[in-house]
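Sequence lines, in order, name chains A and B.
Counting with this note's numbering, you get residues 10 to 331 for the letters of the first sequence.
Counting with this note's numbering, you get residues 10 to 331 for the letters of the second sequence.
Keep in mind that the hints are not guaranteed to be accurate.
Which copy is meant is left open, so a pair is good if it fits within one copy or across any two.
Straight-line Cα separation of at most 25 Å, SDA-like style, residue types lysine to any residue; simulated pairs [claimed, not checked]: (1) K262 <-> A205; (2) K82 <-> T44; (3) K36 <-> K81; (4) K43 <-> D314.
Rather than coming from a laboratory, the hints here were simulated on the basis of the structure.
2 protein chains.
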Amino acid sequence: MGLAEQILQGDMRAAARLMRDIDDGFKSAVEELKTLYPHTGKAYIIGITGPPGAGKSTLVDQITAVYRGGGKKVGIVAVDPTSPFTGGAILGDRIRMNRHAEDDGVFIRSLATRGYLGGVSRSTGDVVNVMDAMGMDTVIIETVGVGQDEVDIVRMAHTTVVVMVPGLGDDIQAIKAGILEIGDVFAVNKADREDADRTVRELAVMLEMNSGKNGGWRPKVLKTEASRNRGIEELVAEMEEHRRYLYRSGAIKHLLEEKNARLFMEILKERLFTEVFGHIHVNGRFREIVEGMMTRQKDPYSAVDEIMAERFGAPGNDPPFS
Amino acid sequence: MGLAEQILQGDMRAAARLMRDIDDGFKSAVEELKTLYPHTGKAYIIGITGPPGAGKSTLVDQITAVYRGGGKKVGIVAVDPTSPFTGGAILGDRIRMNRHAEDDGVFIRSLATRGYLGGVSRSTGDVVNVMDAMGMDTVIIETVGVGQDEVDIVRMAHTTVVVMVPGLGDDIQAIKAGILEIGDVFAVNKADREDADRTVRELAVMLEMNSGKNGGWRPKVLKTEASRNRGIEELVAEMEEHRRYLYRSGAIKHLLEEKNARLFMEILKERLFTEVFGHIHVNGRFREIVEGMMTRQKDPYSAVDEIMAERFGAPGNDPPFS
């Protein structure tokens, strides 16, 4: 029995192994993903993002507890594109600290690295698909940081929760503006801090100015204290309200089209580059180009032109004798 | 006279126009970049990164003043991959607030968006090359945030300054670990805050544990108060010390190889995807694939396999009649 079949029967160890194979770029992993794909599309996918220090991990922990209390299986993908070097260890610590780590109804996976050959959004998509196919009812994608990678990642979610924290200064205001449009629900965490109400009001005003850009959905700003388990039930209720809205309004169709298009483009981009780069790396041409660039004898734009012409034919050239 | 020739004569308006053409993906821009490329490689490139709220913009402002005081021309590229939507406006504000905005010896450009067809690291590389070719002695790349994109971006610099700020909490510690290895110089800004000395000590300890990973260079931790112009001369002196180290030790060769390889790979990746995606987008196949994914009749992995086989031939297949 292949890995995919074992995973479809709920085998967590097989799932963990496939995810390692995905990380390691094994070709066999792609075949397993093909088998799993028809079984995906059932999980409710939640994205949690926000600046460092906002308490996202604790919040994910509490949200997981709510879903577990309702008998749902929960998958958690913790993504940290911030730490290309030592990030793995840090995420490992986070996972060990998660109180659901020993629960059979919870599957946790961290993704910490992004190489040149693999985008972190692509591997996140693959991992979410594995969790979906293995029967996780809810999959939570938690990102560290608020960069473009994180934005790409949370776009894979049905519902995105942006976690803010009171009083992080003016630069945070700028970030708020940037992530305003990706949040379906806003949580001001650490709401016991004195500035909490001001942050809630400011966010509400910014969202009001921004209204209409999220279609018919009006994002709410909720207060939470994840470390004391306050406001979590209300947050989950609002997430579920957004989920119902997606189906009721028909917005789900456009969202799924976007998600699928995105996943396909990520896979295509990576395969194209791997194919061509692998070739010029092996035959020594890559080295030659870089050496040419060092002395400015060769410019990278012309080098790429040449490779494209060889691979795809010169643009505008008619086929011979046509 | 083409844009490139005008830029080589120091025409700032021509440079601004080429940068817009690069953003808009005009093919003509690539031709201009080819002409400019042999004239690049002279500028000293500085990367400034660190978490939001660390006061990077003010620091860049002060560093610029030091270089201007020494008669150097300064290019500034402010990169904000955080804000795919409204970021442009925010960066625009930042630029207007820069006191060097009216100085002819300073050229400022913001990059705020990253589409599917263009990586922000690639466009940053192009813009740095234009500034280099037009005769900027120093080019400062300032990033907002500390994600993987930012790490990729600062790898284009000769010297990277990581800006930290006292007392941002535990999650920041995690980020510190992630960016420890990219910093050549560390600045603890807002050093008038009470936690400043503790942050300096913690960073110094982490760097000590980490020593050896940056080759022979030992990064120092300096205190700055950008808003009061304190510690800036010392910071610039340390950056220049790193620059001299690069050449003295020969480390510059490996660094330039990395930089050039990276730029070439970015250009290649983008061109490959643009070529193939453009084709399947126009002929309707992309739409067909996404629709197939929606109903789970089609999986994206097999769809990519098919495209690769058509474009590059099936792996392992012999040519007919050979």
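The hints, checked one at a time:
1. K262 <-> A205: This pair counts as neither: shortest intra-copy Cα distance 36 Å, inter-copy 51 Å.
2. K82 <-> T44: Close inside one copy (22 Å), not across copies (58 Å); limit 25 Å.
3. K36 <-> K81: neither (32 Å within a copy, 52 Å between copies)
4. K43 <-> D314: Between. Shortest inter-copy distance 11 Å satisfies the 25 Å Cα cut-off; intra-copy 34 Å does not.
Of the numbered hints given earlier, the model fails hints 1 and 3; all others are met.
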